[in-house]
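Chains as they are written, first to last, in our numbering: chain A, 2 to 271; chain B, 112 to 432.
Simulated from the structure, these hints should not be mistaken for laboratory data. Among the hints, a few may not be true.
Said to hold, decoys possible - Calculated lysine-lysine pairs in the BS3-like style (CA-CA distance at most 30 Å, straight line):
{"no.": "1", "chain 1": "A", "residue 1": "Lys259", "chain 2": "A", "residue 2": "Lys50"}
{"no.": "2", "chain 1": "B", "residue 1": "Lys242", "chain 2": "A", "residue 2": "Lys119"}
{"no.": "3", "chain 1": "A", "residue 1": "Lys130", "chain 2": "B", "residue 2": "Lys242"}
Said to hold, decoys possible - To be clear about the criterion: a stretch of chain B counts as covered by chain A if any three or more of its residues have a C-beta under 8 Å from a C-beta of chain A, and this derived list gives those stretches:
{"no.": "4", "segment": "188-196"}
{"no.": "5", "segment": "310-318"}
{"no.": "6", "segment": "323-331"}
Unchecked claim - Anything over 10 Å on all C-beta distances counts as not near chain B; from chain A, calculated:
{"no.": "7", "residue": "Thr21"}
{"no.": "8", "residue": "His38"}
{"no.": "9", "residue": "Pro58"}
{"no.": "10", "residue": "Val98"}
{"no.": "11", "residue": "Gln102"}
{"no.": "12", "residue": "Arg104"}
{"no.": "13", "residue": "Lys105"}
{"no.": "14", "residue": "Phe111"}
{"no.": "15", "residue": "Asn115"}
{"no.": "16", "residue": "Glu156"}
{"no.": "17", "residue": "Ala181"}
{"no.": "18", "residue": "Val201"}
{"no.": "19", "residue": "Glu212"}
{"no.": "20", "residue": "Val245"}
{"no.": "21", "residue": "Thr252"}
{"no.": "22", "residue": "Glu258"}
Note that CB positions come from ideal geometry on N, CA and C, so glycine has one too.
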Amino acid sequence: MVVQLENNVSCFTGTPAVDTPVLIDAENVNIYYGDNHAVKQVSMPIHEKSITALIGPSGCGKSTFIRTINRMNDLIATARCEGNIDYHGVNILNPKVDVVQLRKEIGMVFQQPNPFPKSISENIQLPLKFTGERNKKKLKEITEKCLRQVGLWDEVKDRLDRSATGLSGGQQQRLCIARALALKPDVILLDEPTSALDPVSSSKIEELLLELKKDYTIVIVTHNMQQAARIADYTAFFYQGELVEFGTTKTLFTRPEKKNTADYISGRFG
Amino acid sequence: MGINKTVTRRSFENKPESSLLKDKGLIKRFTDRNSEGRGKLYIYSSAILMIAAVVSITLFLTLQGLRSFTVDHLNIWDFLTGSEWYPDRAENPSYGAWPFVFGSISVTLLAALITTPVAIGCAIFMTEVAKKWGQRILQPVIEILVGIPSVVYGLIGLSVIVPFMRHHFGGTGLSLLSGSIVVGIMILPTVTSIAADSIRAVPDSLREASYAIGATQWQTIWRVVIPAAGSSLITAIVLGMSRAFGEALAVQMVIGNARHVPHSIFDPAATLTTIITLSMGNSTTGSVLNDALWSLGLILLVISYIFIVIIRFLSGRRNAR
Numbered sequence: 002m003v004v005q006l007e008n009n010v011s012c013f014t015g016t017p018a019v020d021t022p023v024l025i026d027a028e029n030v031n032i033y034y035g036d037n038h039a040v041k042q043v044s045m046p047i048h049e050k051s052i053t054a055l056i057g058p059s060g061c062g063k064s065t066f067i068r069t070i071n072r073m074n075d076l077i078a079t080a081r082c083e084g085n086i087d088y089h090g091v092n093i094l095n096p097k098v099d100v101v102q103l104r105k106e107i108g109m110v111f112q113q114p115n116p117f118p119k120s121i122s123e124n125i126q127l128p129l130k131f132t133g134e135r136n137k138k139k140l141k142e143i144t145e146k147c148l149r150q151v152g153l154w155d156e157v158k159d160r161l162d163r164s165a166t167g168l169s170g171g172q173q174q175r176l177c178i179a180r181a182l183a184l185k186p187d188v189i190l191l192d193e194p195t196s197a198l199d200p201v202s203s204s205k206i207e208e209l210l211l212e213l214k215k216d217y218t219i220v221i222v223t224h225n226m227q228q229a230a231r232i233a234d235y236t237a238f239f240y241q242g243e244l245v246e247f248g249t250t251k252t253l254f255t256r257p258e259k260k261n262t263a264d265y266i267s268g269r270f271g
Numbered sequence: 112m113g114i115n116k117t118v119t120r121r122s123f124e125n126k127p128e129s130s131l132l133k134d135k136g137l138i139k140r141f142t143d144r145n146s147e148g149r150g151k152l153y154i155y156s157s158a159i160l161m162i163a164a165v166v167s168i169t170l171f172l173t174l175q176g177l178r179s180f181t182v183d184h185l186n187i188w189d190f191l192t193g194s195e196w197y198p199d200r201a202e203n204p205s206y207g208a209w210p211f212v213f214g215s216i217s218v219t220l221l222a223a224l225i226t227t228p229v230a231i232g233c234a235i236f237m238t239e240v241a242k243k244w245g246q247r248i249l250q251p252v253i254e255i256l257v258g259i260p261s262v263v264y265g266l267i268g269l270s271v272i273v274p275f276m277r278h279h280f281g282g283t284g285l286s287l288l289s290g291s292i293v294v295g296i297m298i299l300p301t302v303t304s305i306a307a308d309s310i311r312a313v314p315d316s317l318r319e320a321s322y323a324i325g326a327t328q329w330q331t332i333w334r335v336v337i338p339a340a341g342s343s344l345i346t347a348i349v350l351g352m353s354r355a356f357g358e359a360l361a362v363q364m365v366i367g368n369a370r371h372v373p374h375s376i377f378d379p380a381a382t383l384t385t386i387i388t389l390s391m392g393n394s395t396t397g398s399v400l401n402d403a404l405w406s407l408g409l410i411l412l413v414i415s416y417i418f419i420v421i422i423r424f425l426s427g428r429r430n431a432r
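Modelling step: build the complete structure from the supplied sequences, incorporating the hints.
Here it is, written out as structure tokens:
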């Protein structure tokens, strides 16, 4: 079925997906908050060195799902996960998994920029210090490298010792991405990273993500369909806790199979 | 602008008896059942009463406290630094308050030193480690500790801590350390609950940020949560110290009430509050001793104000951030 797209998604510029191997493979994932069945039977792959976008209306379970990939839901006492999320041959949901190590390999960036109320350099160095890195020269090197990666170095190199809370929202969010990069993770999860930012800062982050996907696997939750269309290689559409449709961004936005998907991306609801 | 004004005026002119116009007489403002005046009167007079109480206490204590220098011609410097307190000596009585100033300050600091690690540990336990049942058990425990009268703390100190000290460190057991321990236990609940509040005030987003970069729970608590709670934790400690500083009864029962500067923490000592409560009843109004005790009270007040200034400064800095 070919759906006539309305103006709001005609700006599709997404790069054609290069078929990279699957890094994370979710199978029949169910997530409950107490009695609330928040994510139902979700199965989807996440391809290496690509951007996978999760879209859908509020409360559709996309944030819940992404937070399960690095077990952030462990922090919520009532949350319970079932199913299988394969990562390097291990089920992430296995209670025996070392979550501290897992989160070092699968980093996360949140909706509200949340830098620590410490200096800019301290923000990047803290994750390294947590792993026991004491070498000051090395810490400085990594700080500079990460800040350069997110394009923040030239803006902050003269005030590395100042508090990170003095940065603008967009700068703070890029600092949080740099912080996630400090441990050289495999995967970076971003939970609506630009929804609290202005358009200019948002587009800077989008450019940054397109740059980062050369080295990292990126999963992004977004409210903004144009954003998914612009940057994602793969897109998954969630609705009421279910994964309605998953495919390459191009297919999903130009030839969606399900009516719900077509309605959502053409702005008929959501 | 001009147009708006004329429009408004015209609408009032059309309805001169409009209920929008408030023009009640001074008396009617208070006698009217639904008047704002009554409420305002009540609220303003409460506030003024409170301020008047503080101002008059300060004024009264200052006037009384300065009498020993203005009327009895004691030397301020000798009074503050002199270490001999012999008001009852027939010839050449001396009024040196230093042992009590020293006693008060050292009891306060030692109590803070004893309490702080325990209080912060408890606060972390009930906010971070065992949120649910930690809260359920510790909250009532704290309330009970707050509610116990200080004389009970003194009695327990006298019958438990003092014999323990006597047995292990010799002497009478009545000592600076015994007093500090008793006061330390007394301020423990205050410091704990304020510290717990300040830890709870740390936004969850910071904890998430920390866990998301692969921090363990301890790393999150020590490197992220505690530093973020920072100055409010210090406020908690300073508040506890100001309470320790003012405590009289329980300290008096266990500190030994010696009128000289102690040589070690195992020696008996006295504080500003204990010497006032002990001597006030034996002094006659207007005597030099009575005036000197008022001066000690004035010192207490000044140091309490310093504590308040520190707390205001810390919380001001927190708000500015």
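Here's how the hints hold up against the structure:
no.: 1; hint: Lys259/A <-> Lys50/A; in the structure: 27 Å, holds
no.: 2; hint: Lys242/B <-> Lys119/A; in the structure: 26 Å, holds
no.: 3; hint: Lys130/A <-> Lys242/B; in the structure: 27 Å, holds
no.: 4; hint: 188-196; in the structure: violated (count 0)
no.: 5; hint: 310-318; in the structure: holds (count 4)
no.: 6; hint: 323-331; in the structure: holds (count 6)
no.: 7; hint: Thr21; in the structure: 24 Å, holds
no.: 8; hint: His38; in the structure: 24 Å, holds
no.: 9; hint: Pro58; in the structure: 23 Å, holds
no.: 10; hint: Val98; in the structure: 13 Å, holds
no.: 11; hint: Gln102; in the structure: 7 Å, violated
no.: 12; hint: Arg104; in the structure: 4 Å, violated
no.: 13; hint: Lys105; in the structure: 4 Å, violated
no.: 14; hint: Phe111; in the structure: 6 Å, violated
no.: 15; hint: Asn115; in the structure: 4 Å, violated
no.: 16; hint: Glu156; in the structure: 21 Å, holds
no.: 17; hint: Ala181; in the structure: 7 Å, violated
no.: 18; hint: Val201; in the structure: 23 Å, holds
no.: 19; hint: Glu212; in the structure: 21 Å, holds
no.: 20; hint: Val245; in the structure: 28 Å, holds
no.: 21; hint: Thr252; in the structure: 32 Å, holds
no.: 22; hint: Glu258; in the structure: 34 Å, holds
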